[in-house]
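Going line by line, the protein sequences match chains A and B.
Each residue of the first sequence is one higher than the one before, starting from 22 at the first, in the working numbering.
Each residue of the second sequence is one higher than the one before, starting from -5 at the first, in the working numbering.
Please keep in mind that the hints were generated in silico from the structure rather than gathered at the bench.
Careful: at least some of the hints might be erroneous.
[Said to hold, decoys possible] Across the chosen pairs, the derived CB separations fall in these ranges: (1) A/F226 x B/E350: 18 to 26 Å; (2) A/L424 x B/W354: 46 to 54 Å; (3) A/Y419 x B/K380: 50 to 58 Å.
[Said to hold, decoys possible] Every beta carbon over 12 Å from chain A, so not counted as near; a handful from chain B, in silico: (4) W129; (5) W211; (6) K251; (7) S279.
[To be verified] Listed below are several chain B residues computed to face chain A (Cβ distance under 7 Å; list not exhaustive): (8) Y89; (9) A173; (10) I378.
Cβ atoms here follow ideal geometry from the backbone N, Cα and C, with glycine treated the same way.
Residue-level listing of the chains:
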Amino acid sequence: MHYPWWFVPQLTAPMLIAVIATVHVLVSHYAVGGGLFLAVEVGHAYRTRDRAYLDYLRGHAAFFVLLTVVFGAITGVGIWWTIGLTSPLATEVLIRTFVFGWATEWVFFVVELIAAFIFLYYWGRLDEKTHLAVGWIYAGAAWISLVLITGITAFMLNSGDWAVDPSARNFWAAFFNPQFIPQTVARTGGALLLSSLYVYLHASFFTRDSRLRDLIAARSARPAMLGAIMITAGGFSWYAFLPDSAKATLASAAVLNVLIVLIFAATIIVFAMLYLGPYRNPGWLTPGFAILLFLLGLMAFSTGEFIREAIRKPFIVYNVVYGNQIFPEQVPRLRAEGYLNGGLWTRAFAAEHYPELMVEGRIDNSKLLKLPYKDRLALGEVLFMHHCNDCHAGSFGYSAAGLLLQGRPREAVLDTIKRLDDNFFMPPWCGTEQEAELLTDYLMTIKSPPPAGIRLWEKPGGANE
Amino acid sequence: MDPNMFFDQTAAAVPAPIWFVQFFKVLGFTLHAVPMNLWYAGLLVALFLHVRGNENARHFGGRIMRQMPIIVALGVNLGIVPLLFVQTAYYQVFYPATILMAWTWLAIIALLIPAYYGVYLYAWGCKNGEKLPWWKTAAGWCAAGLFITIGFIFANGMSLMGHVGHWGELWSDNSVGGAALGTALNIGDATLWPRWLLMFGLALQTTAVWLLVDVEWLDGKAAVPATAKQALGDGDSADAKQASDDYRRWAWGFAKKLHTFGLVWFAAAGSWYVFGTWSAGLRESMFQWPMLTITAATALAPGLPWLLMMVGGRRRAVVIFIALAQFGVLGVNAVSRQIAQNLNLKPYWDVYSLPENVQWGPLVMFLAAFVVGLGVVGWMISRIRKCDPAPQL
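Please take these sequences and the hints and turn them into a complete structure.
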C-alpha cells in the first residue's frame, strides 16, 4: 500500500513477471548445466586427445557465451526490473530479507562472467590444466548462483517459520526454508537435463561428422537422464513440502490439473526419447529429433514455472505479502479504517479529487456513499485497481473480473466481495462496508451480461415453457 | 499535491548500516561508470574512428569494438550493485519513480538485448581489418543509438527519484483509476537534460583515458595497425617500431583532443546543472562548508587527468596515474551525486534516520565471498597475463 499500482491493460502487471521469468529460466538453467557440461567434456577431450571433439566444444562454448552472457544475464536483470515494477512491496521485503544473499550471488556472477570470457577467448592459449580449472571455476560459481537464488525463490513459495515465528525472522531461517532443498535438487536436475537438450540441438545442426555426433549424443545422455531423475525426486519432495493452500490450489484448479498431467507426460516422453535415442541409438540425433526433444523439454520447464507462480495464491510471498501488496497483519486495520485510507496513493487520489471526503488528512468513510454515482464509480475503479487488478483484468483480458462475474446480480457481487476469502486462493476483503458498495458499483459496470441462450426457461417459447 | 502524502515514515529497518549501503552504492556506481562510459560515448567515438578515421584511428576503433562485448557484460554486471543497494535504503523513492515511468523503465531491458547483440555483430566484423558489410555497420550504429537512449531513460528514472515534487503531476496526467499507466517521463524536469549531458562529457573523458590505457598497456607489443604490419616485412623491426611510434603519437594526440572536448562539455553541462537547475536550497547546502569541498572537488577533479595528460609526457607509468585520476573523477562525481540526492530527499525520506537491524552473519558472508571472489578473479587474470599476444575477441 506504499506504492502506486501499475495498470497493464488486459494482461495485468504481474503476468509480465511470468512471461519474463519463464523465458529467463530456459536460458539460466542452461547457463548452469552448460558450464558443467563444458568443464566435464573439455576434460574428457583433453584426456583422450580428441581434437575434433575439442573443436566442437569450442564452437559450443561460443554459442553458450553468446546465449547465456547476453540473453540470459539481461533477462535475469529483467526479472528484477519487473518484480520491482509489478510487486514493489514484495520486492522490498525480499530485498530487506535477502540483500546479502543477492550481493553474494552477484559476487559469484562476476566470477562466472569473467571465467566464461577467459574460458572462451583464451581457448588454446592457456595450458590445458589452467583452461580446465577456469571451466570448473565457471561451473562452480554458476551452480552456487543457482543455489543462492533458489533459496530466495523457494522462500516465496513456503516461508516456513519465518512468517509465523517472530524469533525466526532472520536471513538463515528465510533462506533454509522448507522448499530450499527440494527446489535446489529439482533445479540442478533441470540444469543438467536442459543443457543436454541445448547440446543436442546445437550438435545436430553444426556437426557433420557422424562419429562425433554419436559421441556427443551418448556422452550427454547420462547427465540428461540423471537430470530427469533429479527433477522427479525434487518434484515429489517439492510437493511434499508445499503449504496446504498450494496443495489445495493444485488439486482444485482444473487448469493446474491439466498442466500437472502435461509436465508428467512431457517428462516421461523426454526420458523415453533420451533413453531410446541418444543413449541406445546415438544415430537418431537428427535436427528434427533434437528440435522435438528440445521443445518438449521447454514445454515441461515452462509449465513448471507457471505452476510455481500460480499456486502461491493468494500470496506473492507465502504468509508474508498478499498478491495485492498487503501484509496479512494490515487486514484488520484496513477493514476498520478503509482500504483507500490505508494506501498512500489511494488516499492521495481521494484528497486530490474529493477533498470533501477528507477530515484531518484522512478519508471519512461515512461520506463515501453520499457521493454522486459517477464519483462512487470513480472510487470503485480505484479500489478495483489497487485491490483486484494484480490478478484480474477489468472487463476483458487475463482472468477478467467482468467475465468471472457475468450474469451475477448486484447482491451476489457484493456478497462475493465481502466474503472474498471463502475462496481460499483469494485474499480477504480489506476495506469497509462502504468501500465494498463502491467496488460493487464499479464491478456492475464492467460485468458482462449472461451469455445468450443459456437460461432457456426464462424465455418465452423456451424449452421449459 | 503535497509530496509528503506519498511517504510512510514508519519505515522498516534497513538490514545493513546506512554508511555501508551508501558506500557500496557509490562504489558500485563508480565501478559501473567506467564500462558504462565506454559504451555510452566510447562506442560512438569508436564507430566514427572506424568508419571515417585514418589507419591509426581505424586500428583503435576496431580494438575498442572488439573489447566492447566484454565491456558491456562487465558494465551490466557492475550496475547490479548500486541498484541492489538503492532498493535497500531508498525503496520508497525508487519504486514509485520507476513505476510512474514503468514502460520506459522496462524498455531498458528490451533495448539492451538488441544493443548488446549489435555490438557483437559489429565486433565480429572487425576481425582482420576486413571491410564490414553494411548490415554489420548498421548494427553498430543502432547499438550506439540504443545505448544513448538507455542512458536517457536512466537519467529520467534517477532524476525522478530525486524530484518528488513532480510525482503528483506526472501521476495525475498518466493514470487511470488512480493506477499509474507507466507512461510518464520526467522531461519537464530542468535537471534531467544537463544531468544526462554531464555524464556524456565524463564518458568522452573516460574514453580518451581508455585509449591511452589500451595503447600503453593492453595493445602492448602489437601496437602496430594491421595494414601497416602487412606492408612491412617480418624482419623490418625499424619500420615496425616507426609504425608503432606513429600509432602512439596519434593516440596521445587524439586522447588529448578528446579529453579536452569532454572537459569543455562537462564544464558547460555542469555549470548549467548547478547554476541553472539546482534549487536555491540545494545550491546553498552544496556551497557551504563542508559540502563546498566536495562540490569544488567535483568541478575541478576532471582537470587532473587532463593536466597529467598534457604535461606528464608519453610514458606508460603516467598512464597509470591518468587512469587512477579519471577513476577518482568518476568516484568524486558519484559521491557528489549521492550527497545531492540525500539533500533533495531529506524533507521526505531521510536515509540517515532509518532504523537499522543489521544482518551481521549474512554481511560477513558477503564480504568473505567478495574477498574470495576477488582472489579467484585475480588468479585467473594472473594466468592470462602470461598468455601472449592479445586474444581474438
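query: Quick one: are A/F226 and B/E350 within 18 to 26 Å, going by C-beta?
result: The hint (18 to 26 Å, Cβ to Cβ) is violated, given that A/F226 and B/E350 are roughly 55 Å apart.
Taking the shortest Cβ-to-Cβ distance between B/W211 and chain A, state whether it exceeds 12 Å. holds (18 Å)
| said: Holds or violated: the hint that B/A173 contacts chain A, with Cβ atoms closer than 7 Å. | reply: OK, holds: B/A173 within 7 Å of chain A, min 4 Å.
- For B/W129, is the shortest beta carbon distance to chain A beyond 12 Å? holds (18 Å)
Q.
Quick check on B/Y89 please, does its C-beta sit within 7 Å of some C-beta on chain A?
A. With a minimum Cβ separation of about 4 Å from chain A (threshold 7 Å), the hint on B/Y89 holds.
| message | Is 50 to 58 Å respected by the C-beta to C-beta distance linking A/Y419 and B/K380? | response | For A/Y419 and B/K380 the Cβ distance comes to about 57 Å; the hint holds.
Is the Cβ of B/S279 more than 12 Å away from each Cβ in chain A?
Non-interface label stands for B/S279: nearest chain A Cβ at 27 Å, farther than 12 Å.
So is B/K251 really clear of chain A, every C-beta pair being over 12 Å apart?
holds (32 Å)
| task | For A/L424 and B/W354, compare the CB-CB distance with the range 46 to 54 Å and indicate the outcome. | result | With Cβ atoms ~51 Å apart, the hint holds.
- Query: At a threshold of 7 Å, is the proposed contact between B/I378 and chain A supported by beta-carbon distances?
  - Reply: Hint on B/I378: holds, closest Cβ of chain A at ~5 Å, below 7 Å.
Hint 1 from the list above is the single one not met by this structure.
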